[in-house]
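Chain Y: place on chain W using the hints.
Protein chains: 2
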Amino acid sequence: MPALDADACRRLVAAAPVGRLATLRRDGTPRLVPITYVLVDGVVCSVVDEVKPKTSTRLARLGDVARDPRAALLVDRYAADWAQLWWVRIDGRAAVHEAGGLRDRALDALCAKYPPYAAARPDGVVLVLEPTAWKGWTAATGAPLAGGPVTGT
Amino acid sequence: MPALDADACRRLVAAAPVGRLATLRRDGTPRLVPITYVLVDGVVCSVVDEVKPKTSTRLARLGDVARDPRAALLVDRYAADWAQLWWVRIDGRAAVHEAGGLRDRALDALCAKYPPYAAARPDGVVLVLEPTAWKGWTAATGAPLAGGPVTGT
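Chains as they are written, first to last, in our numbering: chain W, 58 to 210; chain Y, 58 to 210.
Don't read these hints as lab results, they were simulated from the structure. Don't take each hint at face value.
One copy or two, either will do: identical chains are not told apart, so a pair holds if it fits within one copy or between any two.
Claimed, not checked - In silico EDC-like links for lysine to aspartate or glutamate, alpha-carbon gap of 20 Å or less:
1. 170 to 62
2. 170 to 138
3. 192 to 84
4. 192 to 64
5. 192 to 62
6. 170 to 180
7. 192 to 98
8. 192 to 165
9. 170 to 98
Computed from a predicted structure; not experimentally measured.
One chain only, chain W, in its complex shape:
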């Protein structure tokens, strides 16, 4: 598959509604979870709501990145027509922002991108993935890639 250039990667990731985040558990195994996110200032931001003691699945990824910041995000398009496939992988380092300007901008951007967030603004901590490497591939050749439709599995 042909590689996607950096601009195409950023455009596709910015437009897509969902990505799959991998963090590393204490034992080094990959922990996968789907996330909504925004690209702000070149970093990937997602909000982790409902962080109460023992809210296990959401807290887990925060514990992971506190122990080991290495993480990755995959954004891709699946289609029955395999000529329309593409994927973008971001490897990077993650950190938790409990407050601050980047968190505020991320929450604003999340509300602008996702109507459910606009209807009920989230107030959790923001997980920030700072990319160290972008890599993208597409099955398409020639015509510019469409970002959508981007719903579904």
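Structure of chain Y alone, referenced to chain W:
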């Protein structure tokens, strides 16, 4: 989000067309890639075609699991209506099957599930993920979950 029982997890994973696989690179970082797959005999099977020397991205995951078999697959549904979200995570151990009955059954099942494979039967090695843990969540309450539509990102 409510947990999904084992039957629901298997049903949703069997029906979905795409999942995201995480393997572990030599340095322990998670390597993410989207895959097509089938469930055969309770294990997740995907085919790795075009394994020629230095075909980097496909060979990479095979090298990963040869060094460290720990891997995971995430299958999920995204929808603009967040009440329709679900995800299923399989953690397990991966192995490469270059031949044998399981590989043959996997290739048959891949051809039955995916028309492009039926049109051009793959002949590569099969990556087999043997689950050690299934975990699933859904935002839906009450009514049975629909598996589709399952195209798109």
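Sort out which numbered hints this structure fails and list those numbers smallest first.
1, 8
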